[in-house]
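Chemist: Take the sequences, apply the hints, and build the full model.
First to last, the sequence lines map onto chains V and B. Numbered according to the working numbering, the first sequence terminates at residue 121, and the numbering increases by one at each position without gaps. Numbered according to the working numbering, the second sequence terminates at residue 246, and the numbering increases by one at each position without gaps.
Simulated from the structure, these hints should not be mistaken for lab results. This structure is a prediction, so every number in the text was calculated from the model and none was measured. Think of the CB as a built atom: it goes at the ideal place given N, C-alpha and C, for glycine as much as any other residue. Do not rely on the hints blindly, as some may be mistaken.
Pairs of lysine-lysine residues, derived as DSSO-like cross-links and limited to a Cα-Cα distance of at most 27 Å, are as follows [stated by the list, open to error]: (1) B/K172 x B/K203; (2) B/K104 x V/K51; (3) V/K81 x B/K125; (4) B/K104 x B/K216; (5) B/K104 x V/K81; (6) B/K216 x B/K203; (7) V/K81 x B/K216.
Simulated coverage check for chain B against chain V, where a stretch passes if three residues somewhere in it have a Cβ under 8 Å from a Cβ of chain V [unchecked claim]: (8) 91-105; (9) 114-121; (10) 167-174; (11) 181-189.
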Amino acid sequence: MPADRLSATFAALADPTRRAILARLACGETSVTELAEPFDMTLPAVSKHLKVLERAGLIARSRDAQWRPSRLEGRALKDAAEWLEHYRRFWDQSFGRLDAYLSELQARETIAKPGEDV
Amino acid sequence: MPEHAKSGATESDIEFVIARVFDAPRDLVFKVWTEPAHLMRWWGPKGFTMQKCAIDLRPGGAFHYGLKGPDGSDMWGRFVYREIVVPERLVFVVSFTDKDGNVVRHPWNPDWPLEILSTVTFAAQDGRTKITVRWVPYNATDKERDTFRTGRESMQQGWTGTFDQLADYLMKA
Numbered sequence: 004m005p006a007d008r009l010s011a012t013f014a015a016l017a018d019p020t021r022r023a024i025l026a027r028l029a030c031g032e033t034s035v036t037e038l039a040e041p042f043d044m045t046l047p048a049v050s051k052h053l054k055v056l057e058r059a060g061l062i063a064r065s066r067d068a069q070w071r072p073s074r075l076e077g078r079a080l081k082d083a084a085e086w087l088e089h090y091r092r093f094w095d096q097s098f099g100r101l102d103a104y105l106s107e108l109q110a111r112e113t114i115a116k117p118g119e120d121v
Numbered sequence: 074m075p076e077h078a079k080s081g082a083t084e085s086d087i088e089f090v091i092a093r094v095f096d097a098p099r100d101l102v103f104k105v106w107t108e109p110a111h112l113m114r115w116w117g118p119k120g121f122t123m124q125k126c127a128i129d130l131r132p133g134g135a136f137h138y139g140l141k142g143p144d145g146s147d148m149w150g151r152f153v154y155r156e157i158v159v160p161e162r163l164v165f166v167v168s169f170t171d172k173d174g175n176v177v178r179h180p181w182n183p184d185w186p187l188e189i190l191s192t193v194t195f196a197a198q199d200g201r202t203k204i205t206v207r208w209v210p211y212n213a214t215d216k217e218r219d220t221f222r223t224g225r226e227s228m229q230q231g232w233t234g235t236f237d238q239l240a241d242y243l244m245k246a
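Modeler: Next up, the structure:
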């Protein structure tokens, strides 16, 4: 995936309303009107968010049907999630290794201390 | 230099914080954060090995590291130290680099801030040590700050995992 695409996905995901729209679309295809309801937003406002999501490749909108239902696209979402997951994992696992290493150091120190029962 | 006051964003708005308590005295924990022989044993995700670890522990000095992943991929980075208070506090600027230590963009996300100011505090708690890591974008553009904010929200609130599962499901469906 090209870097500028990931960048667009990221910008789209930055907004909590757009994340909520994605979560709603996880339940299935939905029209703009239906999407607008729970968010207490005007149709143009929802359309604007959908345009951003579409450009980022996070959703696709049908051209055929009159009501132009939106549906979730998995690929872009997966790329963005993987990227962030990588960051989280870096710290999580480094800290896990640090924890184990500190225990190892202290166990060694206890054994090495002279004049103590081993 | 961007003016953050303009957008109304405060540093705490955008700060990424992680904290964890380690069952070891503070002096030891500080030592394993600042000595190469120790850092080589734990810095980086599981399965990664340190291929370079050079530390010049003084303000303006740097920790330059190179990690090799299990798939043979390289990851280079550096911390440039700004403040060292033994054994309480480290302040440094984090960047990705090439193997010669030149600052480079994040390999996967060009809008990630080039520099991140990192403050690590070591608090003694009855023989244990609480480490708190705080990150804020440093000298960042507005776009970089936005990218950082998204990443931060995901990492702190854990919505990435949810979307990850969802994406997995959608790929299979």
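Chemist: Now tell me if each hint is right for this structure.
Modeler: Taking the hints in turn, this is what the structure says about them:
| no. | hint | verdict |
| --- | --- | --- |
| 1 | B/K172 x B/K203 | violated (32 Å) |
| 2 | B/K104 x V/K51 | violated (52 Å) |
| 3 | V/K81 x B/K125 | violated (32 Å) |
| 4 | B/K104 x B/K216 | violated (36 Å) |
| 5 | B/K104 x V/K81 | violated (39 Å) |
| 6 | B/K216 x B/K203 | violated (33 Å) |
| 7 | V/K81 x B/K216 | holds (22 Å) |
| 8 | 91-105 | holds (count 8) |
| 9 | 114-121 | holds (count 6) |
| 10 | 167-174 | violated (count 0) |
| 11 | 181-189 | holds (count 4) |
The structure does not agree with the numbered hints 1, 2, 3, 4, 5, 6 and 10 stated previously, though it agrees with the rest.
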